[in-house]
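Here is what each chain is made of, one letter per residue.
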Amino acid sequence: MSVMTLSFSHLRKSYATTVAVDDVTFDVRSGEVFGLLGPNGAGKTTLIRMLMSILLPDTGEILIDGKPIGPADSDRIGYLPEERGLYRKEKVQDVLIYFGMLKGLDRKTARGRAHAWLEKVGLPDVASRRIDELSKGNQQKVQIAGTLLHEPAILVMDEPLSGLDPLNTVLIKDLLRERSQAGSIVILSTHQMPMVETMCDRVAMMNRGRLVLYGNLEEIRRQHGEAAVLVDVDGDLAGFPMVDRVEKQGGLSRVVLKPGSAPRELMDLLVQRRIAVEHFEVARTPVEEIFVRTVRAAESRGEA
Amino acid sequence: MNRIGVVAGREFLSTVKRKSYLIVTFGMPFFAAIYFGAVGLLPALFMAQSGAIKKDIGLVDLAGVVRLDQAESVQDSGAAALKEAQELAGRLAPRASGAAKAFLEETTARVNFRPFPSREKALDALRSGDIERFYLVPADYVKLGGVENYQPADAPLNIGRARAREALESLLGRSLLAGKVPDGMIERIEQPIVQAASESFVLREDGSIGPFDRTSRIAKLAIPGVFGILLLMSLMTSAGYLLQGVSEEKENRVIEVILSSVRPDQLLFGKLLGLGAAGLLQLAVWLSVATMATSLLAAAALALLDFKLFAGCLVFFVLGYLMIGSLMTGTGALGSNARETQQFAAIWSLMTVLPPALTWIVIFDQPNGWIARGLGWFPLTSPITMMLRLGTGQVALWDFLVAVILLAGGVYLAIRVSGALFRLGLLMYGKRPTLREILRQVRHAW
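Residue numbers (our numbering), protein chains in the order written: chain A, 6 to 309; chain B, 8 to 453.
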């Protein structure tokens with residue numbers, strides 16, 4: 006399977022008083038789940054709308070395999086907007102068939118796909134019910150089915166899991182993984198950090214229109230995260246030479262190490278001093294923390 | 008093109024299935040029937056009653072000029088008029104002719120004059136209610152022309168009174184002429200031109216003479232009229248549904264999904280087609296119901312006689328609908344609430360209708376003058392103006408084609424620009440875009 010690359014190149018888009026997207030450049034490749042992160046107003050929605058040709062960039066371009074994207078490419082894109090909407094008074098299958106036909110499917114294919122995807126999202130028997138008879142979570146699943154119906158090469162989902170219970174969350178995550186493995190580009194725009202941690206291979210983080218972090222999630226952790234361990238020990242570790250500080254976290258102590266120190270050094274010292282250890286776990290820095298720290302750092306730089 | 012069809016199909020079906028659409032479409036004829044039944048029929052009944060002259064009219068002739076034998080011939084011409092009126096009524100509305108006949112008979116019934124020797128005798132008869140009223144022709148009548156009218160104080164102001172007076176005038180006229188001019192001449196003096204016996208001819212371009220065709224004259228006015236009204240009605244109804252539908256999609260955010268699939272101008276065009284079809288269906292239902300009820304569609308049937316004119320008007324109807332409809336929607340989408348949206352939409356229909364409405368006399372009089380041609384070629388005023396111009400039958404083919412091409416170009420521009428505005432309007436929730444943003448969008452539209 007050949008790899009498809011979606012490139013955002015020096016994109017810029019400003020509104021009357023604000024710059025919504027400011028010189029943003031990054032690539033997304035097929036076969037990966039890509040996270041687009043950022044606080045409210047970071048410019049994610051503007052970026053997505055430009056990808057959809059709903060908005061036009063002031064400067065810069067979006068390329069698929071090196072070719073500028075145009076309205077004709079919209080059939081290859083599936084978009085789940087953050088603010089969900091369906092025709093409330095219409096039948097589930099009518100809405101799905103309409104969405105499918107808008108993406109270029111003929112009526113028969115659209116009908117077949119509508120039923121197939123309803124089954125996949127676990128709603129095999131709602132086809133002829135009215136949208137407003139369904140629960141909110143089920144409406145959301147119908148909309149996700151509508152987004153996937155034409156099996157798009159590029160899938161853009163804005164907060165796909167909000168409002169879903171844990172079982173349905175797993176279901177939708179599996180579906181997205183499946184699409185990614187089938188060779189689609191999957192872009193998730195989200196605030197939900199647990200989702201980013203478990204789903205995304207690479208991320209781009211935006212703040213106030215700028216790209217502040219971009220790359221492989223593990224690498225970002227390594228570069229921006231602190232070395233820390235979760236321990237349950239008898240005694241105070243604050244005086245240890247490699248320890249920067251100790252925080253309480255649940256019943257455990259979170260020991261943040263000084264830059265340049267590895268968890269192993271702490272372990273060695275504990276053994277050497279014969280301190281009883283009930284629990285010792287290398288703590289991965291939560292993405293959320295990196296996110297918050299980076300945004301704060303960027304803002305203080307901006308203010309300075 | 009395909010996507011336009013998808014949008015049009017959906018808009019048509021979802022509109023036609025709307026409860027409000029069904030109520031308006033099928034409920035309106037019932038409502039109209041009841042309304043016009045009440046508003047139209049009751050006054051007709053009252054009029055028929057007030058028109059009836061049930062008693063004799065008294066006549067006191069102090070001048071000695073009235074010849075009551077002439078009252079017979081007054082009645083004769085009245086009977087002829089009655090017959091003609093009844094025939095006309097029968098032609099216009101076969102179903103209604105029964106009621107119409109009764110009405111006409113009642114109102115044109117014989118006015119009977121009863122002579123009285125003196126004012127006192129006549130007053131006695133009026134007091135006792137023997138007569139409805141009486142007229143007194145004074146001794147100096149021939150010199151001054153005055154007559155006296157006596158009636159009860161509570162006599163109603165009805166058409167019976169006017170008819171009694173008309174009958175008296177006719178009787179006096181005939182009495183004065185009787186014996187002085189030949190008998191056959193009296194009727195001509197009373198009615199110098201009889202419409203039924205008159206004929207008109209036209210001198211054709213090839214030099215031959217043919218009968219003047221009243222039907223085609225009516226068609227020349229009726230076809231542009233029918234199409235003009237149809238254009239306005241379909242603009243009003245479908246613009247209403249369109250704006251309602253758009254604000255609904257905006258509100259439930261479906262619009263984002265749709266705009267990620269089709270271009271805004273495709274969406275706009277598809278919506279116009281689908282809703283236009285729904286609007287026409289509604290009109291067709293109304294017209295067919297109206298036909299059954301009143302056979303008013305005879306006028307439309309007449310219109311079919313002039314096929315060339317019909318086809319010409321149809322072209323301008325369709326193009327005009329697309330042009331004005333797209334402008335209405337494009338600007339309507341910029342409105343931040345329903346009222347603003349309606350105002351934006353109303354401006355366009357005014358701009359379409361007002362100029363030809365103010366200058367229609369000039370357009371009819373000089374269909375190839377600069378006003379008629381200018382308004383006919385300018386895309387906004389073109390639809391209505393061209394319908395009027397075509398009605399005169401004096402527009403050259405090249406002139407017609409120029410107008411069609413210019414209007415088609417206008418439609419293209421309007422749809423592209425409106426598409427851009429539409430996109431802009433749809434993504435702005437509750438705030439109005441700046442002029443700069445509007446211009447930028449329009450510039451990017453192609």
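Hints may be right or wrong, so weigh each one.
[Unchecked claim] As a list, the in silico EDC-like pairs of lysine to aspartate or glutamate whose alpha-carbon atoms are at most 20 Å apart:
no., chain 1, residue 1, chain 2, residue 2
1, B, Lys24, A, Glu95
2, B, Lys26, A, Glu88
3, A, Lys141, B, Glu256
4, B, Lys257, A, Glu37
5, B, Lys128, B, Glu139
6, A, Lys94, A, Glu138
Treat the hints as calculated values from the structure; they're not laboratory data.
Going through the hints against the structure:
no. : hint                 : result
1   : B:Lys24 to A:Glu95   : holds (10 Å)
2   : B:Lys26 to A:Glu88   : violated (28 Å)
3   : A:Lys141 to B:Glu256 : holds (18 Å)
4   : B:Lys257 to A:Glu37  : violated (33 Å)
5   : B:Lys128 to B:Glu139 : holds (14 Å)
6   : A:Lys94 to A:Glu138  : holds (9 Å)
Of the numbered hints given earlier, the model fails hints 2 and 4; all others are met.
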